[in-house]
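Q: Sequence:
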Amino acid sequence: MAWKGKIIAALCFSSGPLWAVPLTWPEIVELALQQNPSLLAQRKSVEANEAAVRTSRNSVLPQLDLSSGYSESKGDPSGQWNAAGEASLNVFDKGAYADMAVSAARRDSSVAALQLVSAEIRRDLREVYVDLAFAQEEVDVAKRIYELRKKNAELVSLKYDSGRESKGNMLKAQAELKEALVSTFKTERALKQAQQELGRQLGREEKIEVVVEPIPVHSPSLIEDLDLVIDQHPTLRVSKAVYREAQKSLASERSLFWPTLSARYSRSFTGENYFPSYAQWRVSGDVNLPIFSGGPTATQNRIQTAKANTEKAEIELMATRLEVQTNLNQALTTLLDRIDEVTVQEDFLEASKQRNTESNIRYSIGLMNYEDWERAGTDLVNYERGYVRSRREAALAEAAWDFAKGRSLEGL
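Every letter in the sequence shown is one number past the one before it in our numbering, and letter 108, counting from 1, is 1336.
Simulated from the structure, these hints should not be mistaken for laboratory data. Among the hints, a few may not be true.
Below 35 Å or equal to it, Euclidean Cα-Cα: the simulated DSBU-like pairs (lysine-lysine) are [stated by the list, open to error]:
{"#": "1", "residue 1": "K1535", "residue 2": "K1420"}
{"#": "2", "residue 1": "K1302", "residue 2": "K1272"}
{"#": "3", "residue 1": "K1378", "residue 2": "K1420"}
{"#": "4", "residue 1": "K1420", "residue 2": "K1406"}
{"#": "5", "residue 1": "K1400", "residue 2": "K1272"}
{"#": "6", "residue 1": "K1272", "residue 2": "K1468"}
{"#": "7", "residue 1": "K1371", "residue 2": "K1535"}
{"#": "8", "residue 1": "K1468", "residue 2": "K1535"}
{"#": "9", "residue 1": "K1540", "residue 2": "K1395"}
{"#": "10", "residue 1": "K1400", "residue 2": "K1378"}
{"#": "11", "residue 1": "K1395", "residue 2": "K1414"}
{"#": "12", "residue 1": "K1406", "residue 2": "K1581"}
{"#": "13", "residue 1": "K1406", "residue 2": "K1371"}
{"#": "14", "residue 1": "K1379", "residue 2": "K1414"}
{"#": "15", "residue 1": "K1302", "residue 2": "K1322"}
{"#": "16", "residue 1": "K1379", "residue 2": "K1420"}
{"#": "17", "residue 1": "K1371", "residue 2": "K1400"}
{"#": "18", "residue 1": "K1581", "residue 2": "K1540"}
{"#": "19", "residue 1": "K1400", "residue 2": "K1420"}
{"#": "20", "residue 1": "K1272", "residue 2": "K1535"}
{"#": "21", "residue 1": "K1400", "residue 2": "K1387"}
{"#": "22", "residue 1": "K1387", "residue 2": "K1535"}
{"#": "23", "residue 1": "K1414", "residue 2": "K1400"}
{"#": "24", "residue 1": "K1420", "residue 2": "K1395"}
{"#": "25", "residue 1": "K1468", "residue 2": "K1540"}
{"#": "26", "residue 1": "K1581", "residue 2": "K1322"}
{"#": "27", "residue 1": "K1379", "residue 2": "K1400"}
{"#": "28", "residue 1": "K1414", "residue 2": "K1378"}
{"#": "29", "residue 1": "K1322", "residue 2": "K1414"}
Derived Cβ-Cβ restraints for the label pairs, each shown as a range [claimed, not checked]:
{"#": "30", "residue 1": "L1317", "residue 2": "G1499", "range": "27 to 35 Å"}
{"#": "31", "residue 1": "P1250", "residue 2": "E1382", "range": "21 to 29 Å"}
{"#": "32", "residue 1": "G1499", "residue 2": "I1519", "range": "24 to 32 Å"}
{"#": "33", "residue 1": "D1575", "residue 2": "D1368", "range": "15 to 23 Å"}
In this text the structure is predicted, and so the values were computed from the model without any measurement. Virtual Cβ for every residue (Gly too), placed ideally from N, Cα, C.
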């Protein structure tokens, strides 16, 4: 894909201002998947837990030990060679299998946590992307407002010079022009701040100058199976993983009441020459049942603790499900409200543009006083800014809606 080529170029040539070309949302997501520190750290946690699962399997696998040596003593100057091999197997060890299940549950918990971290990063990154996109737009709006105030100030000054306008109104028009200029500087500083925050989200230390594409406002897609969305939400998956881990920990504690059975077979050789020829073998089986391991009530107390933790995790799982469902409904309501506000602000903006055009004509030929004319210009300024803010709030509400559905970086 063409945008992947731009990403590679951006990563290879980062000595100067980064990314001279605009970046799309998929490009920024790809960079976040490669560079976001929180995501990379959680991936390492998954790798560590996966290694722990593999390590736990060793306790139930057959073991083989080989040894060879030479000994010589004062009473036996000829010396003795020896060689031995021993194979052992835990035939029945409920605790070992329970520990394997606990390790697997921890691995699953870290995988669920990775999905949640990815969803949180996507939400935060989307919010930063929205801020940057609308910071760019606000700069353009501020420049348009400055041009509007400049034309108004020039018109008022001409009328003042001809004696048809008061000095106070002329000074107010000049102040509004200065205010528009200061607002332009303010929006440019906000744009640089948004660029810096995007760089932080992407794990970049150097200052970057990024231009992103405008963000359209979409109506939310309807959800056919709300229960399915809730079940697949990363937050709920983390709670489920914690509950499963608590269950496996409880089973691990209960396994201490079960005996263990192990079998061993060994064969050894001794002699004055290598390889020694005198052979011996031994077969043994061990049954172990701890009676007072750690005290007569220690195991029972550990079981009670694990049981309480399991019940706590189950209650938190139910609470999490309700929270996810509530957040989903609230996010949808908020998004619909914000989209409606955008349509209203758009209508007000169109009306204010028309009113401002008409008032300019009437004021220039003396059919409108300064106060009414200035009010029409102020309305246009306010609705210009209000329209941008309403679209920004709608885009942020869409980001919250995506997070409420559990959308992660992998889902763009």
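Q: None of the hints should be skipped; say for each whether it holds.
A: Here's how the hints hold up against the structure:
no.	hint	result
1	K1535 - K1420	violated (53 Å)
2	K1302 - K1272	violated (57 Å)
3	K1378 - K1420	holds (25 Å)
4	K1420 - K1406	holds (22 Å)
5	K1400 - K1272	violated (61 Å)
6	K1272 - K1468	holds (21 Å)
7	K1371 - K1535	violated (65 Å)
8	K1468 - K1535	holds (16 Å)
9	K1540 - K1395	violated (74 Å)
10	K1400 - K1378	holds (12 Å)
11	K1395 - K1414	holds (29 Å)
12	K1406 - K1581	holds (22 Å)
13	K1406 - K1371	holds (12 Å)
14	K1379 - K1414	holds (21 Å)
15	K1302 - K1322	violated (49 Å)
16	K1379 - K1420	holds (28 Å)
17	K1371 - K1400	holds (19 Å)
18	K1581 - K1540	violated (60 Å)
19	K1400 - K1420	holds (31 Å)
20	K1272 - K1535	holds (30 Å)
21	K1400 - K1387	holds (14 Å)
22	K1387 - K1535	violated (85 Å)
23	K1414 - K1400	holds (21 Å)
24	K1420 - K1395	violated (38 Å)
25	K1468 - K1540	holds (12 Å)
26	K1581 - K1322	violated (78 Å)
27	K1379 - K1400	holds (14 Å)
28	K1414 - K1378	holds (18 Å)
29	K1322 - K1414	violated (67 Å)
30	L1317 - G1499: 27 to 35 Å	holds (29 Å)
31	P1250 - E1382: 21 to 29 Å	violated (35 Å)
32	G1499 - I1519: 24 to 32 Å	violated (44 Å)
33	D1575 - D1368: 15 to 23 Å	holds (21 Å)
In terms of the numbered hints stated before, the structure departs from hints 1, 2, 5, 7, 9, 15, 18, 22, 24, 26, 29, 31 and 32, listed from lowest to highest.
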